[in-house]
Amino acid sequence: MSTLLVLPVGLALAWCLARLQWRAKALLETVVTLPLVLPPVVTGLALLKLFGGRGPIGRWLHEVFGWDVIFTWRAVVIALGVMSLPLLVWAGRTAFEEVDRAYEQTARTLGAGEWRIFFTITLPLARRGICGGTLLAFARALGEFGATIMVAGNIPGQTTTLSVAIYQYVQLGEDAHAWVLAALSAMIAFAAVLVASRYLARRQKR
Amino acid sequence: MSLDLSASFVKRFAGGPQIQAEDLRTSGPGSISVLFGASGSGKTTVLRCLAGLERPEEGNIVFGDETWFDLRAQRFLPPQKRGIGFVPQDYALFPHLSVAHNVGYGLSWINKAERQRRVKETMRWLGLDGLGNRHPAELSGGQKQRVALARALICRPRLLLLDEPLSALDGPTRLRLRGDLRHLLKQLGIPTLLVTHERTEALALGDQLVVMDGGRMVQRGPVHEVFSRPANLAVASIVAIETVQPGRVLESGEGLVKIQVGQRSLVSLNPPMATSSDVYVCIRAEDVILIKGPASRTSSRNCLSAKVNRLTSEGPVVRIDLDCGFPLAALLTKQACEELALRPGEDVTALIKAPQIHLIER
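Protein chains in written order, with numbering that gives the first Met the number 0: chain A, 0 to 205; chain B, 0 to 361.
Check the hints yourself; a few may be wrong.
To be verified - One side of the interface only, derived from the structure: several residues of chain B facing chain A at Cβ under 8 Å:
#1 F75
#2 P78
#3 I83
#4 G129
To be verified - Which residues of chain B face chain A? A few of them, derived with a C-beta cut under 7 Å, are:
#5 A50
#6 F93
#7 H95
#8 A99
#9 G105
#10 G188
As the list claims (entries may be wrong) - Some chain A residues well away from chain B (every beta-carbon gap over 10 Å; in silico):
#11 R53
#12 R73
#13 V179
#14 M186
Hint data in this document are derived by calculation from the structure and do not stem from the laboratory. Model, not experiment: these values are computed from the prediction. Ideal placement from N, C-alpha and C gives every residue a C-beta, glycine not left out.
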């Protein structure tokens, strides 16, 4: 779910980084990339402060929507989103940059507006890179541990992710349960890679 | 009413060259204007500014009574609204779309049935029947070119801009399509502006020629005139006049100018020039006639005895480098060359008519 949510945001950011020239570009690039290089626990701590009841974003969300973030499922989604965003943005950016501008410019002379060009020319031509990026982002989300445990804790049935649950079972000595979940996560990962590679292979033939 | 383009602008690149278009015009329906120059002379930039893909730093672009760009009025019409057909170099066919979808791309605003009808009609007109489901990668060079033209023409543009329309094709196809393309452009009845660096293409396709050099428009006029009567030495070298020799005016009068080149003297049909002024003499190789033995009776004012230095085959023609006191190049068909049985070292007579000797002041 967090992968789905992060997709439009990531693509928009990737497009901005690939196609626009602006002053804050380097700054945005750095901020987006940070979660990739920082230890996940540090990212989690930053999110905890930002989205906490007294953090700037957390307070705003609470006042306007009445949403509490920390230690709810929303925290899980945000943590996974932030952690997987850089992978998607980087892959997407490279994919967009590889699309020859001549196509977009020619479409412009044919009367197509910028949105239509994005959805009919740029996005389809960058498709492969974006699929790869999405897969990486999904994989990252599946294995994410550090940031999640910081902001979402581990409330059974609400904020327990697969990775966190496996860790917990091992800690409790319930290896059998841990193995079941490990197998489950392996199956999900396997299915995702299979679907993605088949999709790419089919497109490649055309 | 005939709609024509009229543009004067300057496009600057940061730390790079400056491209200047001075009073560039098209000349009515069906006219073909050629921007000619070496690569890097700014031809493509001019075309892209006209298409709205680049924004000039100065000047204005007017089409009919519409202003496309005007710096002072802060007006810039985006490419979508200019109603042009633009065919970029290498065509930029959308690789992920079928030929039919490529051709119909510019018609998204009309309903599907009507769109399909027009796609079909345009494809038939350009001889692309039955290729609708192919992808661009499955087309030959010539087919790609026609798909790109179809895609541009289906929108019924008011001005057609072509960037090196033939350069992506292989040799034989290029020759064949050159004639087709001119015929097609003449049928369309809209002004066309095309960019090329090939002399033969400019000659075969164009009516009007604008020579560009180093970002400036250095000469313009009817194609044949510019090619045979370059205004200065730079243009003479761009249009690749084979023989350019320094000379000196001996005397002039009655429309004829007598020039000394090396030890020889030549007569040129030219407005009077000051005696003993320095000039360059330009002679196109195809204007040089060769005969064996001495000239008996001829209308040519210039008969030069010469020695054959070298023969170079250039496809259907042979270039002959001669020495007649100064180096002179002639161009003969292969057949003519065989009939004369020319060999290096042989003596011949070169005939050049006075109107075909063009003079440039030094």
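Against chain A, is G129 of chain B within 8 Å by beta-carbon distance? Violated: closest Cβ of chain A sits about 19 Å from G129 of chain B, beyond 8 Å.
Per the CB criterion, is A99 of chain B less than 7 Å away from chain A? At about 14 Å, which exceeds the 7 Å cut-off, the nearest Cβ of chain A leaves the hint on A99 of chain B violated.
Interface hint status, G105 of chain B versus chain A (Cβ within 7 Å): Holds - the Cβ of G105 of chain B comes within 7 Å of chain A, reaching about 4 Å at its closest.
Hey, does the G188 of chain B contact hint survive, CB to chain A under 7 Å? Violated: closest Cβ of chain A sits about 20 Å from G188 of chain B, beyond 7 Å.
Against chain A, with CB atoms and a cut of 8 Å, does the hint on F75 of chain B hold up? Because about 13 Å separates F75 of chain B from the closest Cβ in chain A, which is outside the 8 Å limit, the hint is violated.
The hint names P78 of chain B as touching chain A; please verify it with the least Cβ-Cβ distance against 8 Å. 4 Å, holds
Hint validity - I83 of chain B Cβ closer than 8 Å to any chain A Cβ: Since the shortest Cβ distance to chain A is 6 Å, the answer is holds.
Verify this label for me: R73 of chain A is non-interface relative to chain B, using a Cβ-Cβ cutoff of 10 Å. 38 Å, holds
Beyond 10 Å on every Cβ pair: is that true for R53 of chain A relative to chain B? It holds; R53 of chain A is separated from chain B by about 48 Å at its closest Cβ, greater than 10 Å.
Holds or violated: H95 of chain B as interface residue toward chain A, Cβ cutoff 7 Å? 5 Å, holds
Tell me if A50 of chain B is really an interface residue toward chain A, meaning its C-beta lies closer than 7 Å to one of theirs. 5 Å, holds
Is it correct that the beta-carbon of V179 of chain A has no partner in chain B closer than or equal to 10 Å? 43 Å, holds
The structure fails hints 1, 4, 8 and 10 (numbered hints given earlier, in ascending order).
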